[in-house]
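Build the full structure now, drawing on both the sequences and the hints.
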Amino acid sequence: MVGYSAGGYAAAETMLVDRRVRAGCNLDGKLLADDDPVLLGRAARQGLDRPFLQIATPGHDGSTDPSWAAIRANSRGWYRELRLDGSTHLGLSDLQITIPFLAEVFGLTAEEVRYALGTIDPTRAVATVRAYVTAFFDRQLRGAGGNLLDRPSPGIRRW
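Residues 25 to 183 in this note's numbering are what the sequence shown spells out, letter by letter.
Honestly, I wouldn't trust all of these hints.
Stated by the list, open to error - Taking CB as the label site, the calculated pair distances span:
#1 Y139 x V45: 28 to 36 Å
#2 D73 x R138: 36 to 44 Å
#3 V41 x G131: 42 to 50 Å
#4 D73 x E128: 42 to 50 Å
#5 T147 x R69: 33 to 41 Å
#6 R46 x G131: 24 to 32 Å
#7 D109 x R43: 31 to 39 Å
#8 G167 x L132: 38 to 46 Å
No lab work stands behind these hints, which were simulated from the structure alone. For every residue, glycine included, the Cβ atom is placed at its ideal position computed from N, Cα and C.
Here it is, written out as structure tokens:
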């Protein structure tokens, strides 16, 4: 199960109650109960026992989000955090492709588009996220895939 923002929270929480979800992925979501700035969600407090991948934007990690620090510390299954350099929160969503198109329609400036999406090329951002999410699920569910998740690559960092 994969989710973006609040959907990432839903993926983690669903893994606690539904064993059919064998692996989960969070795209830049906070794992906080009802988006409360203090109250950790159950998945963050209890951790997960199955594979979980988190892909973040610069500045979103365990040092800035206590829910990420908690799930990292409490999880017992395969766990990894990646950061997509040059992106923003909206840049990990479908808006990465939509906003540049809408910019032409509504006359948004290049600066406004960069503010919303970051400095990474939209096509590259979508391809990168797609590649890493696919590699994760291929590895965890099919026992296949290469070593993409094992090493840094341009634009994406592992910590």
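Going down the list of hints, with the structure as the test:
1. Y139 x V45: 28 to 36 Å: At 35 Å between Cβs, range holds.
2. D73 x R138: 36 to 44 Å: Once the Cβ atoms are compared, 40 Å apart, the range 36 to 44 Å for R138 and D73 holds.
3. V41 x G131: 42 to 50 Å: With a Cβ separation near 46 Å, V41 and G131 satisfy 42 to 50 Å, so the hint holds.
4. D73 x E128: 42 to 50 Å: With a Cβ separation near 47 Å, D73 and E128 satisfy 42 to 50 Å, so the hint holds.
5. T147 x R69: 33 to 41 Å: 38 Å, holds
6. R46 x G131: 24 to 32 Å: With Cβ atoms ~46 Å apart, the hint is violated.
7. D109 x R43: 31 to 39 Å: Between D109 and R43, where Cβ atoms are some 35 Å apart, the hint holds.
8. G167 x L132: 38 to 46 Å: 44 Å, holds
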